[in-house]
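Undergrad: Listed below are the residues making up each chain.
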Amino acid sequence: MNIDIKHIAKLSRLRIEEDKIKEFETQMQNIVNMVEKLPDIDEKMILDESNPMILRKDEAVTDKYSRQELMANAPQVKAGCLVVPKTVE
Amino acid sequence: MIKGYEVVIGLETHAELNTDSKIYCDCKNQFGLEVNSQVCPICMGMPGALPTLNENVVDYAIKMGHALNCNINRVCKQDRKNYFYPDLPKAYQISQAEVPLCENGYLDVMVDEEERRIGITRIHIEEDAGKLLHSDKFDGCSLVDLNRCGVPLIEIVSEPDMRSSAEAKAYLETLKSILQYLDICDCKMQEGSIRCDVNVSVHKPGEPMGTRSEMKNVNSFSAAVRGIDYEVNRQIEILENGGTIEQETRRWDDVKGVSVSMRSKEDAQDYRYFPEPDLLTIVVDQERVDKLKSEIPELPNAKILRYVKDWKLPQKEATFIAESVELAALFDSCLAKNKYPAKSYSVWILGDLVKYMNETGKKLSDTKINADNLTELVGLIESKTISNAGGKKIFAVILEEDKNVKKLVDDLGLAQVSDTAFLEKIADEVLAANEKSVADFKNGKTNALGFLVGQCMKASKGKANPGMMKEIISKKLDNI
Amino acid sequence: MLELFERNACELSDMLKNKEISSVELTQSVFSRIKAVDDKVNSYVTLNEEEALKEAQEIDRKRIKGEQLSDIAGIPIGIKDNISTKGLKTTCSSKMLNNYVPPFNATVINKLNDARAVITGKLNMDEFAMGSSTETSYFKPTCNPHALDRIPGGSSGGSAAAVAACEAVVSLGSDTGGSIRQPASYCGVVGLKPTYGAVSRFGLVAFASSLDQIGPIGKCVKDVAMVQSVINGHDKMDATSAYKDYSDLAANLTADVKGLKIGVPKEYFGEGIDNEVKTSVLNAVKELEKQGAVIKDISLPSTDYALSAYYIISSAEASSNLARFDGVRYGYRTENYDSLIDMYEKTRSEGFGDEVKRRIMLGTFVLSSGFYDAYYGKAKLLQKRISEEFNGAFSDIDVIAAPTVPTTAFKIGENINDPLKMYATDICTVTVNIAGLPAISVPCGTDSNKLPIGLQLIGNKFSEQKLLNTAYAYESISDGFIIPKL
Numbered sequence: 001m002n003i004d005i006k007h008i009a010k011l012s013r014l015r016i017e018e019d020k021i022k023e024f025e026t027q028m029q030n031i032v033n034m035v036e037k038l039p040d041i042d043e044k045m046i047l048d049e050s051n052p053m054i055l056r057k058d059e060a061v062t063d064k065y066s067r068q069e070l071m072a073n074a075p076q077v078k079a080g081c082l083v084v085p086k087t088v089e
Numbered sequence: 001m002i003k004g005y006e007v008v009i010g011l012e013t014h015a016e017l018n019t020d021s022k023i024y025c026d027c028k029n030q031f032g033l034e035v036n037s038q039v040c041p042i043c044m045g046m047p048g049a050l051p052t053l054n055e056n057v058v059d060y061a062i063k064m065g066h067a068l069n070c071n072i073n074r075v076c077k078q079d080r081k082n083y084f085y086p087d088l089p090k091a092y093q094i095s096q097a098e099v100p101l102c103e104n105g106y107l108d109v110m111v112d113e114e115e116r117r118i119g120i121t122r123i124h125i126e127e128d129a130g131k132l133l134h135s136d137k138f139d140g141c142s143l144v145d146l147n148r149c150g151v152p153l154i155e156i157v158s159e160p161d162m163r164s165s166a167e168a169k170a171y172l173e174t175l176k177s178i179l180q181y182l183d184i185c186d187c188k189m190q191e192g193s194i195r196c197d198v199n200v201s202v203h204k205p206g207e208p209m210g211t212r213s214e215m216k217n218v219n220s221f222s223a224a225v226r227g228i229d230y231e232v233n234r235q236i237e238i239l240e241n242g243g244t245i246e247q248e249t250r251r252w253d254d255v256k257g258v259s260v261s262m263r264s265k266e267d268a269q270d271y272r273y274f275p276e277p278d279l280l281t282i283v284v285d286q287e288r289v290d291k292l293k294s295e296i297p298e299l300p301n302a303k304i305l306r307y308v309k310d311w312k313l314p315q316k317e318a319t320f321i322a323e324s325v326e327l328a329a330l331f332d333s334c335l336a337k338n339k340y341p342a343k344s345y346s347v348w349i350l351g352d353l354v355k356y357m358n359e360t361g362k363k364l365s366d367t368k369i370n371a372d373n374l375t376e377l378v379g380l381i382e383s384k385t386i387s388n389a390g391g392k393k394i395f396a397v398i399l400e401e402d403k404n405v406k407k408l409v410d411d412l413g414l415a416q417v418s419d420t421a422f423l424e425k426i427a428d429e430v431l432a433a434n435e436k437s438v439a440d441f442k443n444g445k446t447n448a449l450g451f452l453v454g455q456c457m458k459a460s461k462g463k464a465n466p467g468m469m470k471e472i473i474s475k476k477l478d479n480i
Numbered sequence: 001m002l003e004l005f006e007r008n009a010c011e012l013s014d015m016l017k018n019k020e021i022s023s024v025e026l027t028q029s030v031f032s033r034i035k036a037v038d039d040k041v042n043s044y045v046t047l048n049e050e051e052a053l054k055e056a057q058e059i060d061r062k063r064i065k066g067e068q069l070s071d072i073a074g075i076p077i078g079i080k081d082n083i084s085t086k087g088l089k090t091t092c093s094s095k096m097l098n099n100y101v102p103p104f105n106a107t108v109i110n111k112l113n114d115a116r117a118v119i120t121g122k123l124n125m126d127e128f129a130m131g132s133s134t135e136t137s138y139f140k141p142t143c144n145p146h147a148l149d150r151i152p153g154g155s156s157g158g159s160a161a162a163v164a165a166c167e168a169v170v171s172l173g174s175d176t177g178g179s180i181r182q183p184a185s186y187c188g189v190v191g192l193k194p195t196y197g198a199v200s201r202f203g204l205v206a207f208a209s210s211l212d213q214i215g216p217i218g219k220c221v222k223d224v225a226m227v228q229s230v231i232n233g234h235d236k237m238d239a240t241s242a243y244k245d246y247s248d249l250a251a252n253l254t255a256d257v258k259g260l261k262i263g264v265p266k267e268y269f270g271e272g273i274d275n276e277v278k279t280s281v282l283n284a285v286k287e288l289e290k291q292g293a294v295i296k297d298i299s300l301p302s303t304d305y306a307l308s309a310y311y312i313i314s315s316a317e318a319s320s321n322l323a324r325f326d327g328v329r330y331g332y333r334t335e336n337y338d339s340l341i342d343m344y345e346k347t348r349s350e351g352f353g354d355e356v357k358r359r360i361m362l363g364t365f366v367l368s369s370g371f372y373d374a375y376y377g378k379a380k381l382l383q384k385r386i387s388e389e390f391n392g393a394f395s396d397i398d399v400i401a402a403p404t405v406p407t408t409a410f411k412i413g414e415n416i417n418d419p420l421k422m423y424a425t426d427i428c429t430v431t432v433n434i435a436g437l438p439a440i441s442v443p444c445g446t447d448s449n450k451l452p453i454g455l456q457l458i459g460n461k462f463s464e465q466k467l468l469n470t471a472y473a474y475e476s477i478s479d480g481f482i483i484p485k486l
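Protein sequence lines correspond, in order, to chains L, Y and V. Residue numbering for the first sequence follows this note's numbering, beginning at 1 and increasing consecutively. Residue numbering for the second sequence follows this note's numbering, beginning at 1 and increasing consecutively. Residue numbering for the third sequence follows this note's numbering, beginning at 1 and increasing consecutively.
The following block holds chain L by itself, in its conformation from the complex (with noise of 0.2 Å):
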């Protein structure tokens, strides 16, 4: 099996330096390894109806929280908005 680490990095929105490729992909490769010995099991997950989610009230509750305070620890903000680079349209 082998991992291609500059797709998956990609995918994973990561950057790996060059001279780090390598280690990373003998290292992930090592771990696949180790995963690759599990045994086949020949069986389908089905779901778990015992343990049922409660679901929650449809109830709104408003003011509990400040813009400001929500957005204290945003990294840039304009006009009450979070700012990212331009995105292609």
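Some clues are possibly wrong.
Simulated DEER-style distance windows between Cβ atoms [unchecked claim]:
hint, chain 1, residue 1, chain 2, residue 2, range
1, L, Thr62, Y, Val397, 35 to 45 Å
2, L, Glu25, V, Lys266, 54 to 64 Å
3, V, Asp297, Y, Asp290, 45 to 55 Å
4, V, Lys140, L, Glu18, 45 to 55 Å
Coverage of chain L stretches by chain V, computed from C-beta distances (three or more under 8 Å per stretch; other residues unrestricted) [claimed, not checked]:
hint, region
5, 14-26
6, 33-43
7, 51-59
8, 64-74
If you're looking for bench data, these hints aren't it; they were derived computationally from the structure. All C-beta atoms, glycine included, are put in the ideal place defined by N, C-alpha and C.
With chain L held as given, fit chains Y and V onto it using these hints.
TA: Quick look at chains Y and V alone, frame taken from chain L:
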């Protein structure tokens, strides 16, 4: 068939549900508020924040599933769809991949007086993303407003069962009216509460299906029609010139009336779906599923059939009324009185009422028309107490004012005169003053009769009972 | 005479109740200890001294007024730095969140505040809880208080080291694959990984959502029981939190193991387990047998595959959970960028350390198109099988006894460049997370280097009381926690 090609269309329709709170947090689900004012750590994707599922989202989706004759998967789960974009705070959208809440349904729609059955592949629940704001003034930046993040959506995926843009439009309009009937979506197209992605392919009859393209950013039904027609022509043109169709995602630009390629199959996104570990299995009791089914009102497609079959309305008129929740409700309560023919109501609803609503942009609830005053008005006309023209005058008043119909007849002096002596007097005067027309009539120009009756009506200031007037004039002419 | 900071929470709780000491005195004592030794141990990332003293004063006032206060009111507690604290930096020991101040509290923090525990500060950890030694912290490695040249374990290394070094009376950690038990074992303290769903995860910065669980670390079993009783319970903010009645674990603590059936799974004593560890753990089991427990040899054959399944599932979830760190709403953003993608890639590459990148990449890989079934799908099936094996075992026994870690604490730097060797230290702990079970690590002697060894006790779901009782029984006949010389 267009230019010898069979057209195949499938639609993925997103409808925003009109719940009180968002799908995974208790922020208000409301359009048009100040930027980033309806957000919290959960819908902003702050570290450590967790989703909880709004029960109404499940109920609304199940209702839609029932309305579209789907199987309801009362045991299902949610999955993460992973991709990076600034309007998606967690960098994944919580959606449903493997097991949707509803699947394998169908929707019957009327196209050109014929019923067409469109298959429904699935309906699943998911969260909406935020909005990006663009402007030249933003200095090479885009701004992010997260208010829409977590607004609940249902995605309704159709089978590729539509064969023309007209069918697609009928399908979308029927979907819209069902959403309105169920009262689960505001259906405000201008606010983006219904959006769709369109899959289109073409092939020669008898040949295998063509390669499809997916078109995004279709924000109105008329845009869907324009987009489909454009795409069909584009594909046919390529094929006719010996080219091949690429599997790709295109973006519809409704202003320019063209679609442009967004990405090809090669750089198709890898969404890495996997089960959402922050949420457990959704398990809905069969009882609840059944109860939701019992809450479904009579749907527009059923209404159309009833109007046509039981009340002898033409399909076009039946459709028009049935597709509007409020018009149909008015019409149905009028019919429930079982006093006058359906046609005597539909003529007002489809005529003066719809005209007024279109002109003023008002909803029925903004007017003062109801089943009671409309029935009274219809009754006065049926009994010939007032003329049709008089009825129109009253209608114009009761659209806007809460006035008693009978009193208006007096106030506006609209009662028809059926007093024979009075009518004969008018007839004599008119005949005397229009000798030439009388002579014309005698010489076989029968349309002179209409003119003479008209003159009588004029002389009576519109109060004469037109039927009786005509009778009297005819009799007098015969005797001359 | 012990210093205040050296005492157990349960003793201090009584002293506070009897007004022998004040909360302010106790808090000051702990901060003086921090100042004296944290230069060497490096447990803390952020101190909360001013707020802590304010809170202590408030508690003293309330106590004087005769208000009813909880057992842990006034007890200084350190918090792992991946648990959100409103207004107090929560860094996950990452450059990515170096300046992140949460606008909300984790549910466990609200519970601690309601119980009036005194939060001393935020504790160092492996970056985003990914690691087994606290060496992947962006800030600094934490040292083992029993041997400063050795690792304290991880990822809750700061939480275990702080308690061992008496820099906090108790602490909270989080355990995804052993991150509470393994450092507790290395540092000679008690650490409880509760049943999945027993403690709300709301506000815990997620590593692997289906495996993560917050739990307490203390110097003795009773301390751990006290804290666990405060933090457990259903939370409507966490859909995976269990709807259960929870009794007072500390009040119901008994050292009685008569007739208790303890299973000893052979797979946990095989190759790779250090002989001294094996001997200590088996001796501990014998001691429990002397107290009336019934010992049974059992087998959990899928244990060998647990580590692989764990790395697939945890990395897959991590790759998705950590995608939100994109420099838009909070956290680090790179200085120079020329497009959105450029900003994303630089921000994430500069903000995350290598171990985090490795796990994100692994997780992305196992979920990617064409590989899902062979990796993630298979791992989930193994998870099911491992759970079934435990279920089978618990139909016959009450508690499973095993080592917590195969060896004692290794030297700082020894394994950092060998991920597989590092991952292998989790071999005895990951099964518990995979199966969603509770487990506890209690000190059971030391090796020839005087390094602590841990006995791991694993129970069936929601059997925390039974586990704590067993651990308590063993503790009462063993040396328990030994204060390190610093």
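Undergrad: Taking the hints in turn, state whether each one holds.
TA: Checked hints:
no., hint, result
1, L:Thr62 / Y:Val397: 35 to 45 Å, "holds (42 Å)"
2, L:Glu25 / V:Lys266: 54 to 64 Å, "violated (36 Å)"
3, V:Asp297 / Y:Asp290: 45 to 55 Å, "holds (52 Å)"
4, V:Lys140 / L:Glu18: 45 to 55 Å, "violated (29 Å)"
5, 14-26, "holds (count 5)"
6, 33-43, "holds (count 8)"
7, 51-59, "holds (count 3)"
8, 64-74, "holds (count 7)"
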